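Enquirer: Make the full structure from the sequences, and use the hints.
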Amino acid sequence: MSTPTDSVELVGDEVTGNVARAVLFAAATSATAPVDMVHPLAPNVPITLQTLWVYLAGVVLGPVWAGVAFVLYLLAGLLGLPVFAGGNAGLGVLLGPTGGFLFGFPLAAMTVGAIAHGTGGLTAPDAVSIPRLVVALLAGTAVVYAAGAAGYSLVQAIGPVAAVSAVVLPFLPVAGLKVAATVAIVRSDALIAR
Amino acid sequence: MIGYVEGETLVHRLDPRTKLFVQAALAVAAFAHTTPRGLLVLSTAVLGICRLSATPVARSLRSYRAFLPFLLAGPLIEGATLGAPWFVPADAATPALASYRVLLLLLVSTAYLRTTRVRESRAAIQRLLPGRAGVVLGAGVGFVLRFLPLLRHDLATIRAAMDARLGSERSLYERVRLIGVTGLRRVLARADRFALALQARCFAWNPTLPRLDPTWRDAPAVAAGVALLVWAVG
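Protein chains in written order, with this note's numbering: chain B, 1 to 194; chain V, 1001 to 1234.
Source of the hints: derived by calculation from the structure; they are not laboratory data.
As the structure is a computational prediction, the values presented were derived from the model and not from experiment.
Every residue, glycine too, gets a C-beta built ideally from N, C-alpha and C.
Do not take every clue at face value.
Derived coverage of chain V by chain B (criterion: at least 3 residues anywhere in the stretch with Cβ under 8 Å from a Cβ of chain B; other residues may be distant) [said to hold, decoys possible]:
{"#": "1", "segment": "1107-1117"}
{"#": "2", "segment": "1138-1144"}
{"#": "3", "segment": "1177-1186"}
Expert: Laid out in structure tokens, this is it:
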């Protein structure tokens, strides 16, 4: 066995900072997965806060690194970390009935980031105007649910209408609530001076 | 919860890349042949994998019971009609087969998770994805693994603190907002400290990876994976 002698090529400061944030957002999404609350209208529908982190990642990290954060999340789940809802993991879950939502996470985070920050580099998250923020979050929500319904329809081999009524309609009221909460969080003191 | 289980089975000793390949090939075959006969063939294969990897079938399936409503909803919604016979079994057949396919894929991924350490999976990813993307994603998965328990603990603390202050009496919106604000503050603080620690420890583009040595044992598994792919395409 030989000792490699090539020099160490350090990762730059900016990339290191972004990797650290992407990792923490992916881990926070995973840590939220087993936390569920009871749906006020339908007690059998679990509410997880994963999409809250999708929105926050888009607003705080911007489109590129928010995308990286959720690709990391999917990869971690594929490789066996218990990061999906209910503490599950594995390819079976990604190709399962709720897999479409999971694939929608990186797309939605990138959508939120792209609309909130535009194309001219990142703006401070609390400097994004409220209407722009709301449009970004609603677009992100649309992406997650469209992906979720498409995945469900594909995996379960049922029509689009049946898919929407099974996996989109029951969750919409809570989705609205999470969008409102995200706006409040972005405008709170958690983000000041960052 | 399903995780790595120490063992000496044949599947434990395979290269993680081989296992990922067979898993993917089986998924492709399952989507290509969602017929009673196709699924019968695949069930035999999946049961064989479970046997070879010492994966308990019934117990593994029970741990996925959260999916049950979604698996049942498909056939029920598609089979239901407004008006006389109320339920058409023929319409429900295709979604029912699809639900069964999901169970098979869940079992195969359980066998993978029980026989492969996360460290090995990470090395496999870093070798399969070339260049800097592979480094960021491979290292990132390792980092997520370490932060997961910390953030779980953070979140549990936040919830305990909320409950102690009668947070459970607050509205759902208020609870989501509070968890988000406190959680985000902790995540950003941890990210800053973590970035500093990475710089201090020379986070590099060319790290030393654990070794992966494919052996002759991988050959039959790779052959089986190729056979599944050929069957799926043909």
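Enquirer: Which numbered hints turn out to be false for this structure?
Expert: The structure conflicts with no hint, since it agrees with every one listed earlier.
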